[in-house]
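Undergrad: Below, each chain spelled out in residue letters.
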Amino acid sequence: MVDLPYTAALENTVEAPRARSGALDFCRREPLGTFGLVLVLIMAVAGLGAEWIAPYSPTANDFAAMTEPPSWAHIMGTDQFGRDLFSRIVFGARTAFIVGFSCALVGGFAGLVLGVASAYFGGRIDTVLQRINDVIMAFPLIILALAVIAVFGSGVFNVILAITIPLIPRCARVVRSSALAIREVPYIDAARACGFGHTRIILRHMVPNVLAPFLIMLTAFVGQAILAEASLSYLGLGVQEPVPAWGLMLQGGAEEYATTAPWIAIFPGVAIALTVFGFSLFGDALRDALDPKLRDR
Amino acid sequence: MHRYIANRVLLVIPTLIGAAVLVFLLMRLIPGDICAIRLGSGGTMADPRAIARCHAELGLDRSLVAQFIDFAWGFARLDFGISMWSGKPVAEEIAARLPISLEIAMMATVLAILIAIPLGTISALKQNSWLDHVVRVAAIAGISTPSFWLGIVSILAVLEISNLLFGAPWMPPIDYVPFWQDPLRNLSIAFLPALTVGYRYSAVSMRMTRSAMLEVLREDYIRTARAKGLIEKIVINRHALKNALLPVVTLIGIEFAFLISGLVVTEQVFNINGVGRLFVLAVQNQDYTLTQALVMLTVVTFVFVNLAVDLLYAWLDPRIRFG
Numbered sequence: 001m002v003d004l005p006y007t008a009a010l011e012n013t014v015e016a017p018r019a020r021s022g023a024l025d026f027c028r029r030e031p032l033g034t035f036g037l038v039l040v041l042i043m044a045v046a047g048l049g050a051e052w053i054a055p056y057s058p059t060a061n062d063f064a065a066m067t068e069p070p071s072w073a074h075i076m077g078t079d080q081f082g083r084d085l086f087s088r089i090v091f092g093a094r095t096a097f098i099v100g101f102s103c104a105l106v107g108g109f110a111g112l113v114l115g116v117a118s119a120y121f122g123g124r125i126d127t128v129l130q131r132i133n134d135v136i137m138a139f140p141l142i143i144l145a146l147a148v149i150a151v152f153g154s155g156v157f158n159v160i161l162a163i164t165i166p167l168i169p170r171c172a173r174v175v176r177s178s179a180l181a182i183r184e185v186p187y188i189d190a191a192r193a194c195g196f197g198h199t200r201i202i203l204r205h206m207v208p209n210v211l212a213p214f215l216i217m218l219t220a221f222v223g224q225a226i227l228a229e230a231s232l233s234y235l236g237l238g239v240q241e242p243v244p245a246w247g248l249m250l251q252g253g254a255e256e257y258a259t260t261a262p263w264i265a266i267f268p269g270v271a272i273a274l275t276v277f278g279f280s281l282f283g284d285a286l287r288d289a290l291d292p293k294l295r296d297r
Numbered sequence: 001m002h003r004y005i006a007n008r009v010l011l012v013i014p015t016l017i018g019a020a021v022l023v024f025l026l027m028r029l030i031p032g033d034i035c036a037i038r039l040g041s042g043g044t045m046a047d048p049r050a051i052a053r054c055h056a057e058l059g060l061d062r063s064l065v066a067q068f069i070d071f072a073w074g075f076a077r078l079d080f081g082i083s084m085w086s087g088k089p090v091a092e093e094i095a096a097r098l099p100i101s102l103e104i105a106m107m108a109t110v111l112a113i114l115i116a117i118p119l120g121t122i123s124a125l126k127q128n129s130w131l132d133h134v135v136r137v138a139a140i141a142g143i144s145t146p147s148f149w150l151g152i153v154s155i156l157a158v159l160e161i162s163n164l165l166f167g168a169p170w171m172p173p174i175d176y177v178p179f180w181q182d183p184l185r186n187l188s189i190a191f192l193p194a195l196t197v198g199y200r201y202s203a204v205s206m207r208m209t210r211s212a213m214l215e216v217l218r219e220d221y222i223r224t225a226r227a228k229g230l231i232e233k234i235v236i237n238r239h240a241l242k243n244a245l246l247p248v249v250t251l252i253g254i255e256f257a258f259l260i261s262g263l264v265v266t267e268q269v270f271n272i273n274g275v276g277r278l279f280v281l282a283v284q285n286q287d288y289t290l291t292q293a294l295v296m297l298t299v300v301t302f303v304f305v306n307l308a309v310d311l312l313y314a315w316l317d318p319r320i321r322f323g
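Line by line, the protein sequences give chains D and U. For the first sequence, the working numbering assigns the number 1 to the initial residue and increments by one for each residue that follows. For the second sequence, the working numbering assigns the number 1 to the initial residue and increments by one for each residue that follows.
Think of the hints as simulated: they come from the structure by calculation, not from any bench. By construction, the Cβ of each residue, glycine as well, lies at the ideal position given by its N, Cα and C atoms. Among the hints, erroneous ones may be present.
Stated by the list, open to error - If we take Cβ atoms under 10 Å as the criterion, some of the chain D residues that face chain U in the derived model are:
no. : residue
1   : Ile125
2   : Leu129
3   : Ile132
4   : Ile136
5   : Ala138
6   : Pro140
7   : Val148
8   : Ala228
9   : Ala230
10  : Ile266
11  : Gly269
12  : Ile272
13  : Val276
Please take these sequences and the hints and turn them into a complete structure.
TA: This is the structure in structure tokens:
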């Protein structure tokens, strides 16, 4: 072995400690994002474990305890029908997450497939799909959702359908931008040269490389879907009674009892805001973590 | 630039035609017969002659193509048909409510720009300071807070503060008067809804301003300007801000859609008899002619606002203007 000056140094080098897990690194570098994730997890756990966490049934009326202020018996007070607000908020978290995740996942995956296919095939297929996207995106989300509700009626399933439809072209547009860059890389040409089919190239080579912007968008979509569902329920056109929903709680007695029982208006709104806040913080942190250009900001 | 403008204007045509087709088909996807649903409410069967009359009035006894041509031609002439709920011309219903909605939309836009651009700029200049963190949290809170809840809370706040200051609670009036008749009353009706809707609008614009400013401040020409000895105020105002505002202008157009959505719920909260509230009433009352007209009107407004923003962008960006 050649006796080089640095050989002794190399021999004495202590092996570097193992890298910390990605999750701990994320928590250290993105404290706000971690806080957002914690908020989301709290709401998710509340929704999943509503039967065990909520002290009362969300639909049980108690006319002896109408519009009671927060107390040990009812930590967030009661509404105009004597229903425990804390229990309704906990069960409402379940409705919000069901609607939010359903819309985001269905809309997101449909948009992912359309966006990548549009970029991959290009030409007339891309032109037609983008013009259809333009048309649907010309409708503000709530307006299109209201139009779908007008046609199909309200209820959980129709609300999910109404909110999912506007999300598809929004996802497709962003995914397409990322996929257009990937379409030109050599390994896609190599895959074509190997004789792989379109489906295999799209699913195995293009989709994994657009997952970063897609995941970031999903977190934003969940937040938007929760806000849209709350707005539709507030207007009386979303989820209907007796299903507990945060927007529905604000539609009921929130304005009528605003001065005498302000807790009816405050707590459901705080629940909506905190949940969407959590998704926004987490989504921002995810973008900072996945986009190298933003890491030093 | 002329080619850019021509392309942009021509793109509007297929978008509007596609939107008209979508609205037209959507209203015809309603399960069952619209007339039977409207006339047969309360569980009773409607008179077949009344249904036939309703079909003739709405043009439903003609082919789909003829109905679409009627719908499109009527829309082009601003004849949106008769409201199935009130029996009045739809154009009249909309015209009566348009002024207050337009006023709130414009006020919200102005408020949003006045809040977003200064705060976004300061946040970028003082990156990672406590001020930057406060502005970023306020921006994310603005995006996360439902505008209708913000409206309810702002009404509560006004009631409590007025009670504390004047000994009696004060609520903004709800019956609309034009600005030139009674400016103070008009502004007291429109200010809170505009602030409620404008907060979210400003939050998104604030984030974009901050992000754009951060990118521009890292450019070589800013380093050169500082190296030449220019004072910071000139570097920021003359060199950085002008370039950073270009994407913000585009965003203002895109976010206009959220402004319209915000108006729909905010008018409900403040009990304002505007176009947004009319939309909700139309859906609740299954007034399909009114719903159809309002959706189409919203889409046309949104498309033309974005066209105007794109043309403004083309004029502001010298790379497009002289390209």
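Undergrad: Now tell me if each hint is right for this structure.
TA: Comparing the hints with the structure gives:
no., hint, in the structure
1, Ile125, "violated (16 Å)"
2, Leu129, "violated (12 Å)"
3, Ile132, "holds (7 Å)"
4, Ile136, "holds (7 Å)"
5, Ala138, "holds (5 Å)"
6, Pro140, "holds (4 Å)"
7, Val148, "holds (7 Å)"
8, Ala228, "holds (8 Å)"
9, Ala230, "holds (5 Å)"
10, Ile266, "holds (7 Å)"
11, Gly269, "holds (3 Å)"
12, Ile272, "holds (5 Å)"
13, Val276, "holds (4 Å)"
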